[in-house]
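Chemist: Chain by chain, the residues run as shown.
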Amino acid sequence: MSETKTHKKRDIFVEGPIDPAFIAESIAKHSTKHDIGAHEIFLGQVRADELKSPQGMATRGPATGNQQPTTVQAIEYTAYRDMANEQMAAIREEAFARWPITCLHVHHSQGIIKAGELCFFVFASSAHRQMAREAVAYVTDEVKKRLPIFGKEIFQGGGHQWKHNT
Amino acid sequence: MSETKTHKKRDIFVEGPIDPAFIAESIAKHSTKHDIGAHEIFLGQVRADELKSPQGMATRGPATGNQQPTTVQAIEYTAYRDMANEQMAAIREEAFARWPITCLHVHHSQGIIKAGELCFFVFASSAHRQMAREAVAYVTDEVKKRLPIFGKEIFQGGGHQWKHNT
Amino acid sequence: MDVKLFGLIAEKAGTERMQLSAPDTDALLRALEQHIPGLSSLSYALAVDRKIVRDNVKLGGGEEIALLPPFAGG
Amino acid sequence: MDVKLFGLIAEKAGTERMQLSAPDTDALLRALEQHIPGLSSLSYALAVDRKIVRDNVKLGGGEEIALLPPFAGG
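Residue numbers (this note's numbering), protein chains in the order written: chain A, 1 to 166; chain B, 1 to 166; chain C, 1 to 74; chain D, 1 to 74.
Keep in mind that the hints were calculated from the coordinates and are not lab data.
Hints should not be assumed to be uniformly reliable.
What the hints assert, rightly or not - Calculated cross-link-like contacts (lysine-lysine; reagent style BS3-like; alpha-carbon spacing at most 25 Å): (1) A:Lys145 to C:Lys4; (2) C:Lys58 to A:Lys152; (3) A:Lys152 to B:Lys9; (4) A:Lys29 to B:Lys33; (5) B:Lys114 to D:Lys51; (6) B:Lys114 to A:Lys33; (7) B:Lys144 to A:Lys33; (8) C:Lys51 to A:Lys145; (9) A:Lys144 to C:Lys12; (10) A:Lys9 to C:Lys58; (11) A:Lys29 to B:Lys145; (12) C:Lys51 to A:Lys144; (13) A:Lys145 to C:Lys12; (14) C:Lys58 to A:Lys144; (15) D:Lys4 to B:Lys145; (16) B:Lys144 to D:Lys12; (17) B:Lys9 to B:Lys145; (18) A:Lys114 to B:Lys29; (19) B:Lys145 to D:Lys12; (20) D:Lys12 to B:Lys9; (21) B:Lys33 to A:Lys114; (22) B:Lys114 to B:Lys144; (23) C:Lys4 to A:Lys29; (24) B:Lys144 to A:Lys144; (25) B:Lys144 to D:Lys58; (26) A:Lys9 to C:Lys12.
Said to hold, decoys possible - Simulated restraints on C-beta separations: (27) D:His35 to A:Glu25: 46 to 54 Å; (28) D:Glu33 to A:Glu25: 24 to 32 Å; (29) A:Ala89 to D:Glu16: 21 to 29 Å.
All C-beta atoms in this analysis are idealised placements derived from N, C-alpha and C, irrespective of residue type, glycine included.
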């Protein structure tokens, strides 16, 4: 990837869930790059987590309707978009400096993403598998740590709590 | 995944390249599994490698037409299919024994796969990212080491040599 | 200056934006804790011009300020 | 017994199948090296009933035998 492309202003956010057809298109675009031998992809999917303890409810808002929320029905993602994109640009440069990868694509959802839907897509390609593998692991972990993205877990039957990465 | 499913006879081989649309379908099928939070995917793509040294030609057959083959145009994959599927079943059991993954899918091409086309697809899903990531790395490496799959690199302008994993 | 609020903090404050003036980030945080109920008991970070700031820094008034609750991307 | 040949070895032998009889794998390999030009200088593994065998094992005649050049999957 050229310096120009690396520094290009990119917006990783997409409205709503990530469509598997979009992932297929993204993969297919690489068929013209004949120096690529390996693609590594990470996808985040919204889990229908069960609420385990009442402490978990400490931060939820006033329950509406059913007073016993149980499982996560959806996550509503919001982001400090400008800062998130700047952080992502920094992570991207770190990844290109560290591994000889051919390309790197990252997308994250905004808005309401239901359980079973995809909210996060990290995709790296390289000549050999080790580089793409390590780059995807690094980028996935750093995005979770460094990007100001907020997730409101919405419970079945009403109520919510704020997710936080550990 | 249930014991029965783990031991089901599976055939990993597909004729020709792996279609990105097939990958999309495979991803989409997991939207009903609400305990999945992470998918990790590895894809192998045929590289148009350049022939670097005359030693590389030691095993190629009689050149036809052009006597100076340069880059790999395609790989023709053949396999000892029964043994490969048995080895894959063993690797699958090792992966399920070692990581709490929800599912694991592996597909490999047979026949002629052109540069830029996909020949190998490894896909694991789990609640959290670390397990799927490690399982895909393990399965990818073990498949390359243990499955009797053979690759004839066909050069542009004629001639070929036999690929071998290092 | 304009302070952006996100997630749980925006929820507690009942708004995504607040207008305050302060000479430095320590003073700004004291003002924010007065305006947002329970802020002092929450875990958050302060960003000045889209960078997280941990020590006290002077503010000119033109900075982009944001209060960030724990991250949850991915 | 029926011996399956693959990849480079099938190419050298000019066939994907060979009929030979031998009491054990060592004797079988000697017979194969006589029939396939240059086999002794190649890197290969022998599989008996779809498992790679490194030591000499007795053969009853009903086994599935295969000669495997280096693997190239993935």
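Chemist: Against each hint, give a clear statement of whether it holds in the structure.
Modeler: Here is how each hint holds up against the structure:
1. A:Lys145 to C:Lys4: OK: Lys145 (chain A) and Lys4 (chain C) at ~20 Å, within 25 Å.
2. C:Lys58 to A:Lys152: violated, 33 Å
3. A:Lys152 to B:Lys9: Violated. Lys152 (chain A) to Lys9 (chain B) sits at ~42 Å, over the 25 Å cutoff.
4. A:Lys29 to B:Lys33: violated, 29 Å
5. B:Lys114 to D:Lys51: violated, 31 Å
6. B:Lys114 to A:Lys33: holds, 12 Å
7. B:Lys144 to A:Lys33: Holds, at roughly 23 Å.
8. C:Lys51 to A:Lys145: Answer holds: Lys51 (chain C) to Lys145 (chain A) is near 14 Å, not above 25 Å.
9. A:Lys144 to C:Lys12: holds, 24 Å
10. A:Lys9 to C:Lys58: Given that 25 Å is the threshold and the Cα spacing comes to 29 Å, the pair is violated.
11. A:Lys29 to B:Lys145: violated, 29 Å
12. C:Lys51 to A:Lys144: holds, 16 Å
13. A:Lys145 to C:Lys12: holds, 23 Å
14. C:Lys58 to A:Lys144: Between Lys58 (chain C) and Lys144 (chain A) the Cα gap is close to 29 Å, so the pair fails against 25 Å, i.e. violated.
15. D:Lys4 to B:Lys145: Distance of about 20 Å is within 25 Å: holds.
16. B:Lys144 to D:Lys12: holds, 24 Å
17. B:Lys9 to B:Lys145: holds, 21 Å
18. A:Lys114 to B:Lys29: With Cα atoms ~15 Å apart, Lys114 (chain A) and Lys29 (chain B) stay inside 25 Å; holds.
19. B:Lys145 to D:Lys12: OK: Lys145 (chain B) and Lys12 (chain D) at ~23 Å, within 25 Å.
20. D:Lys12 to B:Lys9: violated, 33 Å
21. B:Lys33 to A:Lys114: holds, 12 Å
22. B:Lys114 to B:Lys144: holds, 19 Å
23. C:Lys4 to A:Lys29: Distance ~38 Å between Lys4 (chain C) and Lys29 (chain A) Cα, so the pair is violated.
24. B:Lys144 to A:Lys144: violated, 31 Å
25. B:Lys144 to D:Lys58: violated, 30 Å
26. A:Lys9 to C:Lys12: violated, 33 Å
27. D:His35 to A:Glu25: 46 to 54 Å: holds, 51 Å
28. D:Glu33 to A:Glu25: 24 to 32 Å: Taking Cβ atoms as reference, Glu33 (chain D) and Glu25 (chain A) lie about 52 Å apart, which means the hint is violated.
29. A:Ala89 to D:Glu16: 21 to 29 Å: violated, 54 Å
Consistency with the previously given hints fails for numbers 2, 3, 4, 5, 10, 11, 14, 20, 23, 24, 25, 26, 28, 29, ordered from lowest to highest.
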